[in-house]
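Line by line, the protein sequences are chains F and G. For the record, in the first sequence the residue sitting at position 107 is 107 according to this note's numbering, with numbers rising by one throughout. Add 407 to the 1-based position in the second sequence for this note's numbering, that's all there is to it.
What the hints contain is simulated information worked out from the structure, not anything from laboratory work. Ideal Cβ placement from N, Cα and C applies to all residues, glycine included. Possibly wrong hints are sitting among the right ones.
[Said to hold, decoys possible] One-sided excerpt, in silico: chain G residues whose CB lies under 8 Å from chain F:
hint	residue
1	Tyr-581
2	Thr-705
3	Asn-804
4	Lys-811
Protein chains: 2
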Amino acid sequence: MAKLKGNLLYGQSGGPTSVINASAYGVIQEARKHKDFIDEIIMMKHGIRGALNEDLIFVNEQSEEEIELLKHTPGSAFGSVRFKLPDFREDDTNYLRLLYIFRKHNIRYFLYNGGNDSMDTCSKIAAYMKQVNYECYIIGVPKTIDNDLPFTDHTPGYGSAAKFISNTMMEISYDMLAYPNGKVTIVEIMGRHAGWLTAASAIANVGGFGPDLIYLPEIPFSIDKFKKEVSEVYDLKKQCLVAVSEGIQNADGIFISSSSGLRDAFGHFQLGGVASKLATSVSSDLGIPSRSVEFGSTQRAASHIQSLTDVNEAIEVGKAAVRAAINKKTDLMVIMNRVSKDPYKIEYKLHDLLLCANTEKKMPKSMINAKGNGVTQEFIDYVMPLIQGENTPQFSNGIQQFSKFRK
Amino acid sequence: MAKLKGNLLYGQSGGPTSVINASAYGVIQEARKHKDFIDEIIMMKHGIRGALNEDLIFVNEQSEEEIELLKHTPGSAFGSVRFKLPDFREDDTNYLRLLYIFRKHNIRYFLYNGGNDSMDTCSKIAAYMKQVNYECYIIGVPKTIDNDLPFTDHTPGYGSAAKFISNTMMEISYDMLAYPNGKVTIVEIMGRHAGWLTAASAIANVGGFGPDLIYLPEIPFSIDKFKKEVSEVYDLKKQCLVAVSEGIQNADGIFISSSSGLRDAFGHFQLGGVASKLATSVSSDLGIPSRSVEFGSTQRAASHIQSLTDVNEAIEVGKAAVRAAINKKTDLMVIMNRVSKDPYKIEYKLHDLLLCANTEKKMPKSMINAKGNGVTQEFIDYVMPLIQGENTPQFSNGIQQFSKFRK
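Next comes chain F alone, as it looks inside the complex (with noise of 0.2 Å):
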């Protein structure tokens, strides 16, 4: 097989992870111990809009130290971006672009970290390249905190986003056993359509101290059940930790965190979180003292609580992709199998892109409880190896330290 020599491409693109920049520090060390296939490792600025406006970042202008920090860097430290590009049969105006610079820089390498729709126009530009017969090789690779991708056994930054849920949510229950009489604290965990994160919280109780209720976008949600099931609690413990996806919705599919055309102090419309609007219930109608939480960003960007394991993990899938694409593999996702249980033991594998593009991977019903308001053994098997290990931050001065590349 003849060896192909060119610049590599990297672009991060969707919701950033604590971790995303740990698959960017994989795929500069792996590229760079194949000299004989890449010359330079080029990073787009805010995914592919960064390449058609030939907006890059040059690893080899970079400092070590700034490289070293992407294993402790959260959100996107190239920049991301959402930007879903046409069908090229339709309207191929970017897809020109991307060629031209792809010739311009001599892309032979281009891999793209992100989720489904990221997938969706990695695969979309691979097809492009196929038809106009420019060589080059595409992989994708994943990153979630949402874990929904389909086809690998998790998503990279999953496990550290759980982490920080489970050992937060054990704070919060630890914090709430204070006061004789407490409240019904109400915690909304981000995931629209999938509820890997919200069920994270479960791994609380295995410390002791977690929520009693967990409310799951895979169940249909009924504010009667839930107010039932809070009083239930509430009666026998004086107190009740409920853990929420900002996703669930009623039987008709309604998200119950839609904006309810309320307006605010300043005569405004208000979005209004769902435990917000719980917490509001559980006060009105049950007469129970109750507070929200929202973890908002900071579930997705909390760098100073990483899973080692997500992280070594998240290096790896960096590291895969530019194997694969070396060896002139192309248009696929790399994929997590989990190869043995105990010992916990991960493969690194490919899938086609456009499969991993268009589906969404949901919590099976034999992770859920028989009630609705819970997750089984089997979810906390399954999720208990992918928090394991600390990835202790770099603090400097009591802060920690971030890259900070130059252009």
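Dock chain G against the given chain F, drawing on the hints supplied.
Frame of chain F; chain G shown alone:
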């Protein structure tokens, strides 16, 4: 001076901090050193309420492992309470009960760990015991994340909350950089009357990624000024990170977070956080995408990112309280004096309890910038030493371990 031999009674009161249990640890370690003064160390369950109900925890019945874990356990390991004692001259019912319990258990040393209200309780008990000539030495142990106790340079609990807030703000800030066209993110931070916690978000800027605007309760809040300042930042940077205190008030002293009489999806009155209200205002009035984050109780319970300086100081105030009590000091609170700025050095002194109880320390004008939307270098110099060092969490199987005490 004749030695007084008896038992020590300790309790926790008010809102927990992530290091109040470290003070309990200090009390236990120091008390054990003085067996010639102290026979038994007894903890009240849920503060003063535990004494009134004779609901007590005996330290000598606990395992050393649980006692060591106090240094890593958030919340109130012995339970807290919000309980205001009446003036004993008006109603001495509770006092007579306390006297009975003190006599029954030969309590000669009484330590109460809390904020302003707890110091008030402590002071009233001291006055009563003096009045009835029951020899007992009563010392207040300070704690509060709000940092609003007077006469002390700062309070145990503040440093760890500041460390969580500043590091999380850095993460949110870096996360925001991901997108070319960002949002206005508004983060709500605790502190109803004093801005110390919200101001701590400014530490994130020392790390290079922090809030653009900071609104404190010390400065009357104008929605128009807020919108103008947010617009200016957004026009320049295409994103804006705002830290806002839950306690901001308008010129008439009305909380912006006050219930606005609006109803939610369930038809109930909504209490609504200030951040979500301001985010709605930014979206509606300025047409800029905006979102809100509420740290809620996570900021006072985040044991996974404690400041080692804070933990050690929390232990020391506990120890200092024991030493004061056995030296027949009473009706006093332990305070911390910063005797040297560089190197940072604290001395532990004592101050009149009643004075500590009835004053609330707000941020001085000299620590707030001229525009009233940020802090000065004086504040940064003040706060940085308080977040130094990490008290590495005790992870087991990927999650923290917290104390479990037996009744």
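Hints versus structure:
1. Tyr-581: Check passed: Cβ of Tyr-581 (chain G) comes within 4 Å of chain F, closer than 8 Å.
2. Thr-705: Holds, about 5 Å.
3. Asn-804: At 7 Å from the nearest chain F Cβ, Asn-804 (chain G) passes the 8 Å test, so the hint holds.
4. Lys-811: With a closest approach of 7 Å, the Lys-811 (chain G) hint holds.
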